[in-house]
Amino acid sequence: MRSQIEGSRAVAEAVALCRPQVIPAYPISPQTHIVEALSERVASGALHPCVFINAESEFGAMSLAIGACATGGRSYTATASQGLLFMAEALYNAAGLGLPIVMTVANRAIGAPINIWNDHSDAMSQRDSGWVQLYAESNQEAVDLHVLAFRLAEELSLPVMVCMDGFVLTHAVEPVDLPDQAGVDAFLPPFRPRQVLDPVAPVSIGAMVGPEAFTEVRYLAHVRQLEVLDRLPDLAGELAALTGRRISAVTPYRCDDADTVVVALGSVLGTLKDTVDELRDEGLPVGVVGVTAFRPFPVRAVAAALAGARRVVVLERALAAGVGGIVTADVRAARPGVACRTVVAGLGGRPVTRASLRAMLLDAVADRLEPLTFLDLNREVVDRELARAAATRRSGPAAENILHDLAGGGR
Amino acid sequence: MFAVRIHGRGGQGVVTAAELLSVAAFTEGRHAQAFPSFGSERTGAPVVAFCRIDTRPIRTREPIAIADCVIVQDPTLLRHVDVLAGLRPAGSVLVNWAGPVDQLELPPGAVAVAATQLALRHVGRPVPNAALLGGFAALTGQVRLESVLDAIRGRFPASLAAANVAAAQEAYDLVRAECEERQDA
Amino acid sequence: MTDKPFAITLDIGSSLANHTGSWRVERPVYVNRRPPCADACPAGEDPLRWLYQAEERGYEAAWREIMAVNPFPAVIGRVCYHPCESACNRGQLDEAVGINAVERFLGDEAIRQGWTVTSSALPTGRHVLVIGAGPAGLSAAYHLRLLGHDVTVRDGGDQPGGMMRYGIPAYRLPRDVLDTEIARIVSLGVRLERQHTVSDLRAEAAGFDAVFVAVGAQLGRRIDIPAGDGARVLDAVTMLHDVADGQPPLLGRRVVVYGGGNTAMDAARSARRIGATDALVVYRRTRDRMPAHEVDLTQALDEGITVHWLSTLTRIDGDRVRVERMRLDDTGFPQPTGEYEDLSADAVVLAVGQEADLSLLAALDGVELDGGNVRVGPDLMTGQPGIFAGGDIVGAEQTVTNAIGQGRRAAQAIDAYLAGSPAPATPPAAPATFERLNTWYYCDAPATVAPRLAAARRVSTFDEVVGGLDESTALFEARRCLSCGNCFECDNCYGVCPDNAIRKLGPGLGFEIDYDYCKGCGLCAAECPAGAIDLVPEQARQ
Amino acid sequence: MNGQRTFFYQVGTFAVGNRLLDPAMRAGQADPDRANALTSGHRACQGCGEALGARYVLDAAMRATGGKLVVVNATGCLEVFSTPYPETSWRVPWLHSLFGNAPAVAAGAAATLRAQGRDDVRVIGQGGDGGTVDIGFGCLSGMFERNDDVLFVCYDNEAYMNTGVQRSGATPPAARTATTPVVGDRSGNRFGQGKDLPVIAMAHRIPYVATATVADLRDLEAKVAHAMSLHGARYLHVLVPCPLGWGTASGDTVRVARLAVESGLFPVFEAEHGEVTAVRPIRRRVPVADYLRLQTRYRHLFTPTRCDDVLDAIGAVAEDNIRRYGLIEHRDVEHREVSP
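Protein chains in written order, with the numbering used here: chain L, 1 to 411; chain C, 1 to 185; chain G, 1 to 542; chain Z, 1 to 340.
If we strip away everything but chain L, and leave its shape as in the complex, we get (with noise of 0.2 Å):
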């Protein structure tokens, strides 16, 4: 059913569709409408049944989900930020148990400073932590992923992070088309856990393993998380027939001819295809690749989607300070020997606005692109503060003075 509703609600929906036995939550901007949503259903029994816990940190929360995903329960959670990082430990844990958890993160920058606002640095910290990473475009694609992340999960004993921007895509109200129960449920068959705690036949999870088997595990991990790439496009052409829409793991937009293609992940996406039909229109040929399977990394599909283009700008929502990009090393390697650009936009909040996309793709084309750009970058400020730190060569929190000066001050 199509309705004009706040994404984390229709995330909420989709979650309580996929039927979740337990949900351990602790809250964090952006996340907290979500499990407000699903407590709310909980205890109202719309989705039973189900155990809601409030968990005392988000360590706490992937922990439980751990429990309850080892003891044969649907397992989901959902969390942001500083609270993905607090989960760090345990995530790659539930990935090495191989332990379907499904966890929305509703994407936010990391402090220090401090901020709320969104960008893709939590879950990029966690690229490697044996998670499947889907990111979501839309509302529409984060309800349709989290229905796909679960079939996707438990038919390959993986964890699964879905990644949807954090105010732009949880707090935004628009039209979302929801599966039905009964389509849901055609789709997902109930949970049959690959191991489970159980007293008919017991077993030891979580063994300790040294040198002689630990490679064979990890390569092990890593050939099933390749599987995940197989077995993405049957479930979603499954998924396409209960919902007319297909998922990819990757997605370009009028790349067909285009020599500039600009790589991007999540909400952003939307912003871009607008300013590149806006350049399409002014008879530039650029096109846009999304991104939504970046864990596994969609290899062929990208180096395929990029077969044409003589210009690579990966437009990317995190920065991996020292070296720049993220995403980009990763599409590098997918595409070799094309010139790669890394735009760095958008962290901490900052709206990534088509004027500037705009600017930048004209730059672009134009081979005027730094190799690494920082986009809508205040210069004055930083040449400031650096020109300052070059002076008196302290140590201390750069941030400060830069509020300072943004606030007028100006040392």
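In short, the hints are calculated from the structure, not lab data. If you're wondering where the values come from, they're calculated on a predicted model, not measured in any experiment. The beta carbon of each residue, even a glycine, is placed where N, CA and C say it ideally should be. It is possible that part of the hints are untrue.
[Claimed, not checked] In silico negatives: residues of chain L with every beta carbon more than 12 Å from chain C: (1) GLU40; (2) SER44; (3) PHE86; (4) ARG127; (5) ARG192; (6) VAL365; (7) ALA398.
[As the list claims (entries may be wrong)] Coverage of chain L stretches by chain Z, computed from C-beta distances (three or more under 8 Å per stretch; other residues unrestricted): (8) 45–54; (9) 63–74; (10) 90–100.
Here the structure of chain L is known, so what remains is to put chains C, G and Z in place on it, guided by the hints.
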């Protein structure tokens, strides 16, 4: 694409207003996107919410810089916030104000409606958002009053919805009368 | 492992493939150590074994365990001075187990239930003559019958029992009890010839394959004390014999008994029972050095008998005796002080020891006498092959219990002699010392105090003074046994092994250590209440 | 206390079994068919108190639940020695996740069971003192305050033994560890209350909190059985001596645990809803020195010179426990002091 920006204070239902507006547009078969200014502001702080309405799917996610309409839920904001920033030259302004609108130094097209008074009278609490949406429907014609009233009914429990519907209806009537009066003038 | 994740998820219990026994440098081994009670028992009993049965209410089995060693449980349960209890480790914890009282309960229970013994041995056709129907002789006769030999017992007395009958007053050993236990021996097929005093051993031994001489020490020792006219002086042995025969001597109102042994106590207490109003024991040393057993002394004192400590009898004169005060020198020996005291006495009973009449043996070739005793080898055989001697006449402690033990040893030696093979010697097990016990596990449970007849009543009669235990108190007492040095299946080892390396074999079967997994931590040994597990070093392998 | 005392037996309450007792009155560990939840072949040190304690607890819980039990284990010695690939010593459904999250993982398991209506299957979380009082404390406290249906068992050996005997929040005063060395005037771990987790657990007013040791099996089993008869968050704190970390003879594990109790240094009690309901009285009191002397982690208190001031201070801790919990029973019958 029709872009609306709503200014208010935390706790005044600014976000709800944007959402209800988007729902009203949605019920009319159009595409709409409502979203708040993403901040950590607490009750009383100036806040903004946005609503885009279009006949095509809305993909862009940038904040509304160029607005077709600005709704000001709290006139005291006018002293602190540049509510008119990015307003299209022919853009509409709807302000919650019980007095004559020309006291407010707003563009000539600005319309005032005493939404707080209407809310107090109908709802019993100073929540001007529903009334302002009624006024918006009358002022811009972007959504029908009935769509606004349906959105309100879909959002609130029956008695509260009825009170808000009454406030919206009355605001609609007042603004419509005002607009007609101006047109006539 | 089917679909389970490789290496991360494992099949339960698979660590059994890991034999941690290789970690071990010491191995625990179950042992049966020699408990102090058994070590101390002159009769050769192993009280722990029959207490173990009694603890389970297996009273008949317990009794049979005793009967395999000692045919007089009911007698011994009354008259033994229970060195087992003195040695009992429990005495160091709270109070010794009342082993003797339990034995008496078992003996009495056998009488009540009419339990009998039979010999399952095939007749050997050999015939043994036992001279003396005292405890040593009857014990030997009993064991010889159990071994399949024919036995004839010859005794000069009217009734069998020897000192059990003629030396121990009836208030300590009721005659019906004695008669029953003797009858049980006789009914095994022992030929008992009463009033048959053997004087020519060589002649009498003819036709027998072996002889056991156990005539006892029936002569009261006399000492030289100046005695004036009219002095009435008796020896305790004679006095007690006469009392036992129903012909109590006339002693008068005040009786002085001289001596500090059990016989002195018996004499004094018997004197009270045959009419003396005052019975005074004169003893030359102090109470803690008195050879009489504490329980006898206590009972005597309870009955109103007084003791003159540190005193020797120096003269008996008519109805007066003179005693000299003594003091103990540094070696604990009494030395005269020259201080005297006169006491009035209608009669003086000398209880200063007993001697054997060895004339019977003196004439035999090869038989050597040593002071008042017959010299025997470790197998109790005298210098004359086939002639064995035991009991009081071989210089051992003159107690019923010891005599019974002597009789059994003699029977075993005679059996070996008749078979032409030496008795097999088993090396004694290591002792079960108190230090080896883990006493934490034993409940605090003081000894049951046996009910006693009122002192007033016991003075005037020969009714039994010490009452027996009833079933529940006997059971309680039996269960106070610590089972020193021997497993009693408390399951501690099975419980405390962190490696589950102990297998429980089932009731009565004990435990087994699984050396595949035992790491040799020693917890089982440390937590064994009874100290029945030793840790022994593992041997280096080639 | 729960363990019913059986007098008039040579061995009643205190030993594991005893053929004289009705099988129902024997400890569960006496049962030839006991679960052996932790079976042979594990790689615990000789005389490991934790291995012993874990089997005691889980066997008792298996008994109480009819075998319907799942177990979640924190990282630590117990986990490492029990499940090195390719072998596991567990015979119960068992999961190891992380060091600091066992209470939450266990609560998650309980949540699934509740959601699936499998209330007959019960959950135990377990870990060492590090995983309980330190790194796992946040999750544990959360589990307590939510009253999740989990029995959490802390096997307290008073330091991080798995990593080589470093100090934990449960390390007692004056004990030498790898990070509280005895150097110069420094005398091992500093004095202070440490983290008294049973009392902290009580402050959550959860249905059941109890302490126990591997030296009193029947008491331990009774507490596990009682805990499993209840629902909600329950906490059992079991003292498990570590021969390696404490420097005790491997055969002394039970003895030293017993002395910890008998000296008054480890109070054994139980509490329901935050109130102490029962106390195991000291049976044969011993001076704290008798307990400390067996352990090389306290050797510096005795050699080269005896540190009476430190011993007195530790003695004062024992006195305080005795007073606080009423560990000395005032009985009519006078009992002889015998050192156990």
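A quick look at each hint next to the structure:
no. : hint   : verdict
1   : GLU40  : 15 Å, holds
2   : SER44  : 15 Å, holds
3   : PHE86  : 19 Å, holds
4   : ARG127 : 23 Å, holds
5   : ARG192 : 38 Å, holds
6   : VAL365 : 21 Å, holds
7   : ALA398 : 21 Å, holds
8   : 45–54  : holds (count 5)
9   : 63–74  : holds (count 11)
10  : 90–100 : holds (count 3)
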